[in-house]
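Trainee: Sequence:
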Amino acid sequence: PQTLDALRQPLETGDCMIARANHRVTYPARIQLVAAMNPCRCGMAGEPGYRCLRGERCRTDYQARISGPLLDRLDLRIEVPAVSASDLIRPDRAEKSADVALRVARARTIQRERFERLGATRATTNAHCAPSVIEEIAMPDAAGLSLLKDASEKLAFSARAYHRVLKVARTLADLDASETVGRIHLAEAISYRMSSERMA
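Just remember that our numbering sits 30 ahead of the position in the sequence shown, which is counted from 1.
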């Protein structure tokens, strides 16, 4: 757990500071973290046809190894169920990788041009912009604002979580080539944060 918590600073600031005796050195460490974990120690929690021998305690003890502050810095959390043989046999209806790459490239262009217009030269993506900037560029429509307010209260969002939800929602809107951050974008962004409230 202590080693994992060392990721908090790079995820938050994009820097890694090493302090030894009377010296401090700061290195650039902007990272994109992709992580995976089992739902419990034995890996059987939630699996159809299986029963975890230690029950709910297995899940809660195992997931408690990830600290709340580290979880708060993870914007997209998705529970992935096991793939069955029948899933492998079904025809693939997923969006093609080339189409996804094209949408992402367009969204990155939209973001870069937006930040150039705003004079925010240090940011090139929504993920790296300041809280004051994201509040300006990701102001939701009325329905989205209502959803965000309700979710913030029910899920007790920290200020960090609130701004990160806005960043994800703004990015989803950019992927849809939508100028407005709508309720649908906020609902999806919030679902990524909710889906692993201790993965329960």
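Keep in mind the hints are simulated off the structure, nothing from the lab. Heads up, some of the hints might be wrong.
Straight-line alpha carbon distances no greater than 20 Å define the calculated SDA-like cross-link-like pairs of lysine to any residue that follow [to be verified]:
| no. | residue 1 | residue 2 |
| --- | --- | --- |
| 1 | 179 | 158 |
| 2 | 126 | 217 |
| 3 | 126 | 206 |
| 4 | 184 | 106 |
| 5 | 184 | 138 |
| 6 | 184 | 163 |
| 7 | 184 | 221 |
| 8 | 184 | 205 |
| 9 | 126 | 144 |
| 10 | 184 | 126 |
| 11 | 184 | 98 |
Trainee: Keeping to a limit of 20 Å between CA atoms, is the pair of residue 126 and residue 217 held or broken?
Mentor: With Cα atoms ~24 Å apart, residue 126 and residue 217 exceed 20 Å; violated.
Trainee: Measure nothing beyond the straight line between the CA atoms of residue 126 and residue 206; if it is 20 Å or shorter, mark the hint as holding.
Mentor: holds (16 Å)
Trainee: For a C-alpha distance cap of 20 Å, please report whether residue 179 and residue 158 respect it.
Mentor: violated (23 Å)
Trainee: Residue 184 and residue 163: Cα distance at most 20 Å?
Mentor: Given pair residue 184, residue 163 is violated - Cα atoms ~25 Å apart, limit 20 Å.
Trainee: Verify the proposed pairing of residue 184 with residue 221, using a straight-line Cα cut of 20 Å.
Mentor: Between residue 184 and residue 221 the Cα gap is close to 13 Å, so the pair holds against 20 Å.
Trainee: Take the C-alpha atoms of residue 184 and residue 205, compute the straight-line distance between them, and say whether it is at most 20 Å.
Mentor: At roughly 28 Å apart (the allowed maximum being 20 Å), residue 205 and residue 184 break the hint.
Trainee: Below or equal to 20 Å on CA atoms is what counts here, so check residue 184 against residue 98.
Mentor: This hinted pair holds, its Cα atoms lying about 17 Å apart.
Trainee: Run the distance test for residue 184 versus residue 106: straight-line Cα separation, threshold 20 Å.
Mentor: holds (19 Å)
Trainee: Between residue 126 and residue 144, does the CA-CA distance stay at or below 20 Å?
Mentor: violated (27 Å)
Trainee: Residue 184 and residue 138: Cα distance at most 20 Å?
Mentor: violated (32 Å)
Trainee: Tell me if the straight-line CA distance from residue 184 to residue 126 falls inside 20 Å.
Mentor: violated (37 Å)
Against the hints set out earlier in the document, violations occur for numbers 1, 2, 5, 6, 8, 9, 10.
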